[in-house]
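With the hints as a guide, bring the two chains together.
Listed below, chain by chain, are the residues.
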Amino acid sequence: AQTVTQSQPEMSVQEAETVTLSCTYDTSESDYYLFWYKQPPSRQMILVIRQEAYKQQNATENRFSVNFQKAAKSFSLKISDSQLGDAAMYFCAYRTYTGANSKLTFGKGITLSVRP
Amino acid sequence: NAGVTQTPKFQVLKTGQSMTLQCAQDMNHEYMSWYRQDPGMGLRLIHYSVGAGITDQGEVPNGYNVSRSTTEDFPLRLLSAAPSQTSVYFCASSYGAGGLYEQYFGPGTRLTVT
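As given, the protein sequences belong to chains A and B, one line each in that order.
If you read the first sequence in my numbering, its first letter stands for residue 1, the second for the next number, and so on.
If you read the second sequence in my numbering, its first letter stands for residue 1001, the second for the next number, and so on.
Treat the hints with care, as some may be off.
[Unchecked claim] Simulated pairs of lysine to any residue, SDA-like, Cα-Cα distance not exceeding 20 Å:
no., chain 1, residue 1, chain 2, residue 2
1, B, K1009, A, P41
2, A, K73, A, R50
3, A, K108, B, G1040
[Unchecked claim] Some but not every residue of chain A turned toward chain B, in silico, with C-beta under 8 Å:
no., residue
4, Y32
5, F91
6, K103
Think of the hints as simulated: they come from the structure by calculation, not from any bench.
Bear in mind the structure is a predicted one, so any value in this text is a computation, not a measurement.
We put the CB at the ideal spot given by N, CA and C, even for glycine.
Chain B with its partners taken away, still in its complex shape (with noise of 0.2 Å):
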């Protein structure tokens, strides 16, 4: 298994361009969520899905946008990149929701958006 893979690894934006970080998992895995981590922040969660068809806002859902069309992919989409979305960003899976499924996380995206 490969886990949960993301691309791109590192990107730079200009202000006012869109692009979508794209993550996938092969562990037929229902929960998969999106994290942004900033400096002395912690990780903060952004959008989660639940199932094909379902998502749901996190903490800090604000100039982002997700969808869910099939179990594997969970992409991030920003439609128009500011500066302060400039992070390192995060998705992970869990067999289902709730404490008792371990969340394994990909080895994230480093953005910047200048």
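Next comes chain A alone, as it looks inside the complex (with noise of 0.2 Å):
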């Protein structure tokens, strides 16, 4: 079965600094997807990013961008000149490139904080 592991149960970021948030994840297949959701005071899953394991470059959307090392196993969301706005609780998931049978695996979540 699938694990998704954030060890980092709380992180907090000056405004306009970098912060990078953790994630590493356990799997037998070779074709996955990952993904980075936020979750606001709003209870709200936002999909931040999404990377396609078959890929080596590594996904970007504006401020935010991960570095995926498929081989480690692990995939950390970099947040450059962070926002209040980024305030949020984030979640690592990840699931099985296709099939009847995919689940979306979660992490516990990380709690980023962002200091004025």
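Next up, the structure:
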């Protein structure tokens, strides 16, 4: 079974600085997707960024980028130029590439606070 | 499009009561799922469906029932609520199964069982 581990329960960053959130996963599959979701106080789950395992290039979405290390099974999220609105809970998640039994497996999440 | 809607937003139940959490989507998505979110546990899959008439168990199915009579609706039933079911419940949908397809989440239902 796949597992996703986020070992840091909380992190803090100064506004305008850069922060990296860590995530590791365990799987025996070669094709899969990895995600970072943001959950602000409104509780809504928002997809931040997605990485296909077969792509060597790291995904980037504006101020958000990932460092995907397939061999190490590591998938960290870097937030550049942190803003107050980035304060939220962040979840790392894994999903198989395809298949009827595909399920989204989440890590336990990390709470990010942004200091003004 | 309204996306994924959930009702109610908040609910308080007494132990032993039953209720149904409603979930609907208007995106013609085949894949729908229910998660529960507990502090320090992330989101855990309860049940999922790959299409009308087809459902299967997720990681934590005990105490919950689901059915999928239409593509749009995927209700979650608690037959006899227990305090351990106090949680925030999310419904999600996607066009298909697999990471190819983005999952869209509803706003969640906060359930308290006393």
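Outcome of the hint check:
For a cut-off of 20 Å, the pair hint linking K1009 of chain B to P41 of chain A stands: about 14 Å separates their Cα positions. At roughly 15 Å between alpha-carbon atoms, K73 of chain A and R50 of chain A fall within 20 Å of each other, so this suggested pair holds. For the given pair, K108 of chain A sits about 6 Å from G1040 of chain B by alpha-carbon distance, which is consistent with the 20 Å threshold. Given hint, Y32 of chain A at the interface with chain B, holds; its Cβ is 6 Å from that chain's nearest Cβ, closer than 8 Å.
The interface hint given for F91 of chain A is met, as the beta carbon of that residue sits about 6 Å from the closest beta carbon of chain B, less than 8 Å. The interface hint given for K103 of chain A holds, since its Cβ lies 5 Å from the closest Cβ of chain B, which is under the 8 Å cut-off.
Hint violations for this structure: none, all hints satisfied.
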